[in-house]
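Peer 1: Given chain B's structure and the hints, the job is docking chain S onto it.
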Amino acid sequence: MNIDALITYISSTPLTWLLLTLGAFKFGIIIYEKSNKQTLLQPIIVSYLIIMSLILLTDTTYEEYFKGVEIIHFFLGPATVALALPLYNNLKHIKSLFIPIVITLLVAGIFSILIAVGLLYLLGAELPTILSMTTKSITAPIAIITSEQIGAIPSLAVGFVIITGIIGALLGTMIFKMLNIKHDTSKGFALGLISHGIGTARAIEISEKAAAFSALAMGLGGILTAVFLPLIIQVLF
Amino acid sequence: MLKGIITLLSFQFLGECIAKLFSLLVPGPVIGMVLLLLFLMIRKSSFPSLDNAVSNHLRYLPLLFIPAAMGIITQVDIISKEFWAILASLVIGTIIALMFSVKLMDHLTIKQEEKK
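These protein sequence lines are chains B and S, in that order.
What the first sequence shows, in my numbering, is residues 1 to 237, in sequence order.
What the second sequence shows, in my numbering, is residues 1 to 116, in sequence order.
Chain S extracted, bound-state conformation:
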């Protein structure tokens, strides 16, 4: 798995370096992700040790955002002040967005099938 871990860290490093070098606003790890995607497309396949490293990282993905998420304890003021606005935006916004996306995708898919 070491080769896989080195691959992930190298692409992250490369992504961060490119972001700094060209003062890009895109986060370095996302550039690393795109580069790894291009690498896999050119190589036309993954390799077992990368598969391993990836599945170990993604299996516990929710654990990785606990440290950042816990910062919410410093944001009690904002949340209590804007509670209803936040709640409305999350609940109504998500329901409408989900309805809109699924209807649009389904409509376009049906239209494409009719053309064929």
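Next comes chain B alone, as it looks inside the complex:
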């Protein structure tokens, strides 16, 4: 038996990290379902922590890891295009509340970026962090490709996206009660606009209407941010 050859193979083939990543994610899904879908036990969080531990334990560099899972990363492109379908399916709802939707989308969308960026600036954060915060409310695939475009750090950006999603999903119901919000459409729209896909998963639990408006807000917010943010940043810097 040639143990050395085996070890060399395992440590050099992209299959190793690909299998570990897929396996960890599947494990994350099982945990999530067993826990009755606890927001804090999202498959992404469980699998992320497992893989990160493995990378650190084995002294693997990010470049080596990324080579193995590049094929997964590739699918962000077609997945972004795929977001057009849920947006199309929910676009019919835009007519019933056209003015509220357009105003909230623009005003609250810009406000949410300004408040996050403003806090970072006041607390002395540096430019790469601030740029990476600008995409925190949009869905991760669009956030990753947009942050690459504006010279932010995609891994920070996607981390901010996930945490923003979780905060919204965890606190949303409490905030809506506190503010005495009347319409499910408002709850869904705010969850989708601020907390993208993770917020939309929560909106599904509120009502079908909330889910539709959440998906609508997530799609429109993602497109507007991806279109205008790079332009604004180019003008500023």
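By construction, these hints were calculated from the structure, which means they are not laboratory data.
The reader is advised that the hints may include incorrect statements.
[What the hints assert, rightly or not] If we take Cβ atoms under 7 Å as the criterion, some of the chain B residues that face chain S in the derived model are:
(1) H73
(2) I110
(3) S112
(4) A140
[Said to hold, decoys possible] Below are the DSSO-like pairs computed for lysine-lysine, each with C-alpha atoms no more than 30 Å apart in a straight line:
(5) K20/S - K67/B
(6) K37/B - K115/S
(7) K3/S - K182/B
(8) K111/S - K95/B
(9) K103/S - K37/B
(10) K103/S - K209/B
(11) K116/S - K103/S
(12) K92/B - K44/S
(13) K209/B - K182/B
(14) K67/B - K3/S
(15) K182/B - K116/S
(16) K81/S - K92/B
(17) K209/B - K116/S
(18) K177/B - K111/S
(19) K95/B - K20/S
(20) K92/B - K111/S
(21) K182/B - K115/S
(22) K209/B - K115/S
(23) K116/S - K92/B
(24) K116/S - K177/B
(25) K182/B - K20/S
(26) K95/B - K116/S
[To be verified] Each pair of labels, with its calculated beta carbon distance range:
(27) S23/S - G118/B: 28 to 34 Å
(28) V102/B - M1/S: 31 to 37 Å
(29) I110/S - Q234/B: 36 to 42 Å
(30) K20/S - P128/B: 35 to 41 Å
(31) K177/B - K20/S: 45 to 51 Å
(32) T8/B - M41/S: 50 to 56 Å
(33) S207/B - S45/S: 22 to 28 Å
(34) E16/S - F27/B: 32 to 38 Å
(35) Q38/B - I110/S: 30 to 36 Å
(36) F22/S - N2/B: 52 to 58 Å
(37) M41/S - L49/B: 37 to 43 Å
(38) N36/B - A88/S: 27 to 33 Å
(39) L224/B - F22/S: 39 to 45 Å
(40) L224/B - Q112/S: 19 to 25 Å
Where a beta carbon is used, it is the ideal one built from N, C-alpha and C, also for glycine.
Peer 2: This is chain S only, laid out in the frame that chain B set:
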């Protein structure tokens, strides 16, 4: 499902080509997404193999951002240096933004209903 996958990849390809050709700052896949949306609006319906391809892509969406998200291990310096600023921006920023959005939307919705 193949037709659906080809549709997604073609729109992405088209989007990336348009972005390059006109030196646009908008990411190619987002242009592809908008084009697919326009295509569906003109066609007035989706088709089963596209539905399939889309649901398979979106079902495992969080898996797709693990490779990018793992890059955080190269950013330990920034995170430890700016930890409190980042935490405040994420927690306070998100809570205020959520309150503002939901109140604004609810207020505008109620106003529109009163007009009717």
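Peer 1: None of the hints should be skipped; say for each whether it holds.
Peer 2: Now the hints, each set against the structure:
With its C-beta approaching chain S no nearer than about 4 Å, H73/B sits inside the 7 Å limit, and its interface hint holds. The interface hint given for I110/B is broken, as the beta carbon of that residue sits about 10 Å from the closest beta carbon of chain S, more than 7 Å. Look at S112/B: its Cβ gets to within about 3 Å of chain S, closer than 7 Å, so that hint holds up. Proximity of A140/B to chain S holds as hinted, the smallest CB-CB distance being about 4 Å (cut-off 7 Å).
A C-alpha spacing of about 25 Å is found between K20/S and K67/B, which places the hinted pair at or below 30 Å, so the restraint holds. Only pairs whose Cα atoms come within 30 Å are accepted, and K37/B paired with K115/S is rejected, the gap being roughly 41 Å. Under the criterion of a C-alpha separation no larger than 30 Å, the hint pairing K3/S with K182/B is inconsistent with the structure, at around 43 Å. This hinted pair checks out: K111/S and K95/B have alpha carbons roughly 16 Å apart, not beyond 30 Å.
Taking the CA atoms of K103/S and K37/B, the gap is about 28 Å. The hint holds against a cut of 30 Å. At most 30 Å may separate the alpha-carbon atoms for a hinted pair to count; K103/S and K209/B meet this at roughly 17 Å. For the hint pairing K116/S with K103/S, the CA-to-CA distance comes to about 20 Å; that is within 30 Å, so the pair holds. At most 30 Å may separate the alpha-carbon atoms for a hinted pair to count; K92/B and K44/S meet this at roughly 11 Å.
Between K209/B and K182/B the CA atoms are separated by roughly 13 Å; this keeps the pair inside 30 Å, and the hint holds. Our distance criterion of 30 Å between C-alpha atoms is met by K67/B and K3/S, whose separation comes to about 29 Å. Between the alpha carbons of K182/B and K116/S the distance comes to roughly 17 Å, so the proposed pair stays at or under 30 Å and holds. A C-alpha spacing of about 46 Å is found between K81/S and K92/B, which places the hinted pair above 30 Å, so the restraint is violated.
The straight-line distance between the Cα atoms of K209/B and K116/S is roughly 21 Å, inside the 30 Å bound, and the hint therefore holds. Restraint check: the Cα-Cα separation between K177/B and K111/S comes to about 20 Å, which is no more than 30 Å; the hinted pair holds. The hinted pair formed by K95/B and K20/S fails the criterion: a straight-line CA distance of about 34 Å is larger than 30 Å. Of the supplied pair hints, the one linking K92/B and K111/S holds, its CA atoms being roughly 21 Å apart against a limit of 30 Å.
Simply put, K182/B and K115/S have alpha-carbon atoms about 17 Å apart, close enough for the 30 Å limit, and the pair holds. Of the pairs offered as hints, the one joining K209/B and K115/S holds, with about 22 Å between alpha carbons and a cut-off of 30 Å not exceeded. Taking the CA atoms of K116/S and K92/B, the gap is near 20 Å; set against the 30 Å cutoff, the hint holds. Between the alpha carbons of K116/S and K177/B the distance comes to roughly 26 Å, so the proposed pair stays at or under 30 Å and holds.
Distance check on the hinted pair: K182/B and K20/S sit about 46 Å apart at the alpha-carbon level, beyond 30 Å; violated. Only pairs whose Cα atoms come within 30 Å are accepted, and K95/B paired with K116/S is accepted, the gap being roughly 15 Å. With their beta carbons about 31 Å apart, S23/S and G118/B fall inside the hinted range of 28 to 34 Å. Between V102/B and M1/S the beta carbons are some 36 Å apart, a value that agrees with the proposed interval 31 to 37 Å.
Against the hinted window of 36 to 42 Å, the Cβ-Cβ separation of I110/S and Q234/B comes to about 39 Å, which satisfies the hint. Between K20/S and P128/B the beta carbon distance is about 26 Å. The supplied range of 35 to 41 Å is therefore violated. Checked against the hint of 45 to 51 Å, the C-beta distance between K177/B and K20/S comes to roughly 49 Å, which is consistent with it. The hint said 50 to 56 Å for the Cβ distance between T8/B and M41/S, and at roughly 54 Å that hint holds.
A hinted range of 22 to 28 Å for the beta carbons of S207/B and S45/S is consistent with their spacing of about 25 Å. A beta carbon spacing of about 34 Å between E16/S and F27/B agrees with the range 32 to 38 Å that was offered as a hint. Hint check: Q38/B to I110/S, Cβ distance near 34 Å, so the stated range 30 to 36 Å holds. The hinted range of 52 to 58 Å is satisfied by F22/S and N2/B, whose Cβ atoms lie roughly 55 Å apart.
Separation of M41/S from L49/B is about 41 Å and conforms to the stated range, judged on CB atoms against 37 to 43 Å. Against the hinted window of 27 to 33 Å, the Cβ-Cβ separation of N36/B and A88/S comes to about 31 Å, which satisfies the hint. Separated by about 19 Å at the C-beta atoms, L224/B and F22/S break the suggested range of 39 to 45 Å. Checking the proposed 19 to 25 Å range against L224/B and Q112/S shows it holds: the Cβ atoms sit about 21 Å from each other.
In the structure shown, a violation is registered for the earlier hints numbered 2, 6, 7, 16, 19, 25, 30, 39, in ascending order.
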